[in-house]
Amino acid sequence: MSVPTKPEPANALTNEVSNLDLATSEKPYLDSNELVINMGPQHPATHGVLRVILKLDGEKVLGTECVIGYLHRGVEKIAENRTYTMFNPYVDRMDYVAAVSNGLGYCEAVEKLLNVEAPPRAKYIRVILTELNRIASHQLWLGTHALDIGAMTPLFYTFRDREEILKIFEKYCGARLTTHAFRIGGCQYETYAGFEKEVENYLAFLPPKIDEYEALLTGNRIWLERTKNVGVISAADAIALGVTGPVLRASGVKWDLRKAQPYAAYSDFDFEIPTGKNGDTFDRYMVRMVEMRQSLRIIEQAVGRIPEGPIMAKVPKVIKPAVGEIYHSIEAPKGELGYFIVSDGSTQPYRVRVRPPSFVNLQALDIMVRGMLVADVVAVIGTLDIVLGEVDR
Amino acid sequence: MTEEIKTPAPPPPAGEEKPAAEKAVPPAQAAPPSTPAKAAPPAAPTAAKTPSAAGAATAAPPKPAAHAKPAGPVPVPWSSPLVEKYKRQYGSGLDAQTYLGQNYFSVDRSLIPNILTLLRDEEQFDYCVDVTAVHYPKRDKQFDVIWILYSFARNERVRVKTQIADGESLPSVVPIWATANWLEREVFDMFGIKFDGHPDLKRILLPEGWKGFPLRKDYGILQQDQEWVHINLGIESGQ
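These protein sequence lines are chains W and A, in that order. Numbering-wise, this note's numbering puts 169 at position 169 of the first sequence, and it's gapless, one number per residue. Numbering-wise, this note's numbering puts 631 at position 238 of the second sequence, and it's gapless, one number per residue.
Because the hints were derived from the structure by calculation, they are not lab data. Just so you know, not all the hints are guaranteed correct.
To be verified - Computed footprint of chain W on chain A, listed as stretches where at least three residues anywhere in the stretch have a Cβ under 8 Å from a Cβ of chain W: (1) 469-482; (2) 486-496; (3) 537-547; (4) 567-576.
Because the structure is a prediction, the values reported are computed rather than measured. C-beta: ideal position from N, C-alpha, C; glycine also.
Kindly produce the complete structure, drawing on both the sequences and the hints.
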C-alpha cells in the first residue's frame, strides 16, 4: 500500500483525454490527469470537522490543503472577557479528550504568573490524573486510528478500558470528559476514599490489555502494510515544522517536556522517553504504545507516595496577577501545549494565547502525505492524533 | 506617547541607553490628567489600563480604591553572554529582560529578521514554538508581536518581542522556521498584521470573506461580521 506506484491509465469514462495515445503523447502523462477532490469536513476519518483538499494524480497525492476553523469558538477572545478563574473550565473544551492536561497547563501558567506553587500533594494528584488522561487519550487515538485503517476490534477494546479511567475521573470530580479537575493553586477536591486503591487496580488491569492491543496490531500483516513507511517525516522536518509530542519522538528526537523542563512533580519520577527511528506511522504507533506503559510506571510511583498536606496553595480569592507576561507549556498527550498569558494587573487576563499542539502538528500533514496514496491520508490524519476542538479553538 | 509605555516596567529597565526610558518615569506618575490612555477612565476596565507600567497600573488605575497592592515581581535586566554579544552588535535597538525567570528580548522592528536568523543559525534556537501578538489600542505602536523560541541543544526558551503600528507589516519568518506558516496566518486572521514574504497569507480559522479582526481590543466579544452571517448562513444575526 505504501509504495506509490504509477497509476493505471485512466479509463475512458472519467478522462477526457483518454482517447489520446498516452504512451506516445508528447504531453506528460501526469499533467493530464490531475484531480482535485474534497475530503471532509464531515468525514468519519477526519476525527472532527477537518476539510482537506487533495490534489491527486490517480491514487497518488500531489498536495494537500487543510481548511480548518469549523469549530472556532474564539477561546482566546473569551479568555479576555472572563476572570482567570472563570476561564479555567473553558480550556477543557479545547482538547476534549485530554481535558485534564489542558487544565494542568492553564493552572500552572497562572500559578507561574502569580508566582505561587501548588503544594506537593496537589502536584502528585495532578500527575496521577494527567497521566491517566494521557492513557485515555492514547486509547482513544488507538481505537479510532485502527478503525480508520480498517481494524475494528481495537476500538471496542480501547473504549472498554478507557471507561475505567473515566470512572475514576467521575468519582474524583464529577465529570468524565471536561473534568475541570484542577484549580489555580492546586486541586479543589481531596481524593475520594478508595482512590488510590482504584488507581492501583487499574495499574494491574491495563498492562495485559495493552498486550491485547499489541497482539491485535503489532505483528498484524495488514497493520504493518498500512503503517510502515507511511507518512514519514524526518527529524529535521519535524523540528522545522514545530511538530511535538509522539510525532516528534517517533522521528528520533528524544524530547519530552516532562524531562526537558519538568513541571508539576515529574522530576520525582523515573520513566523513559520512547523514540522511533523511521518517523513513520508504525513508529508513532509504537511510541504511543510504550508511552502508555511509561505513564503507568509514573502513576505507580506516584500513587504509592502521595504526600500528606494541603491541596491548595495560598492563593487570593480574587486572582489579580501583577503586570507581566508568562509562557508556560506542558507535555500534553499530543505535544507541547503552551499558554502565553499577559496580565495588565486586573482580574481578567489581558491576553491568553494557547499554543495548541494539534494545530501545529496538523501543518505537517502536507509533507507527510505527498507522494502517498489517498488511503494513506486517512492513516496519517489518524497518526497525527489531532483533536479539532484544539486545532480551531 | 510612543516610547514611554514601551518598556513594561519603569524601575529596572536600562534607562541609561534609551533616552526615551528616562522620560518614562515622570509621565507615568503625572499620567492621569494628560495621557489619553488614562483619560478614558472607568468605562472600559480592561482597555483603559494599558499595560503601561507596573508602577502606573497599580498607582493610577481607574478605581482609586485599588492601591496598596504589594508590588509584584518586576522584569529585571537579563545579562548573559548572548545578550552582551547582541547588545554590542545592535546597541539600543535591543533590550533584554527577565521576568519570573523567563528571558525575552525587546527588539526594534527593523532588526527582526536579523535577530531571529541569528538566533536560529548561531544560537541553535531551531524550534519556533509560537508566533503571536497582543493588541494595545492606546499605544501609538499598537501591536506587540512575539516569537517564542526554543533550543533543543540548550534546553532554553527565549521570547523575542517587537512593536509595530497598525498597518505596518513584518517580515515573515517562514523561511527561517517552516512552522511559522500557519502561526503567522493566525496572527493575520486575528489581528490583521501582515507578514511580507509569507507564501500564502490568508485567513485560517475564520472564513475567507470575514471582515474584522476579532482579537483586536476594539472588536467586541459579541461582534460578528453581520453581512457575512446574513449572506452565508441566511440568518439575520448570529446572536
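Status of each hint after checking the structure:
1. Interface restraint, the segment 469-482 of chain A with chain W: violated (0 residues with C-beta to C-beta distance below 8 Å; minimum three).
2. For the segment 486-496 of chain A, the proposed coverage by chain W is satisfied: 3 residues have a C-beta within less than 8 Å of a C-beta in that chain, meeting the threshold of three.
3. Check result for the segment 537-547 of chain A against chain W: holds, 3 residues qualifying (beta carbon to beta carbon below 8 Å, three or more required).
4. With 6 residues bearing a CB less than 8 Å from a CB of chain W, the segment 567-576 of chain A meets the requirement of three and the coverage assertion stands.
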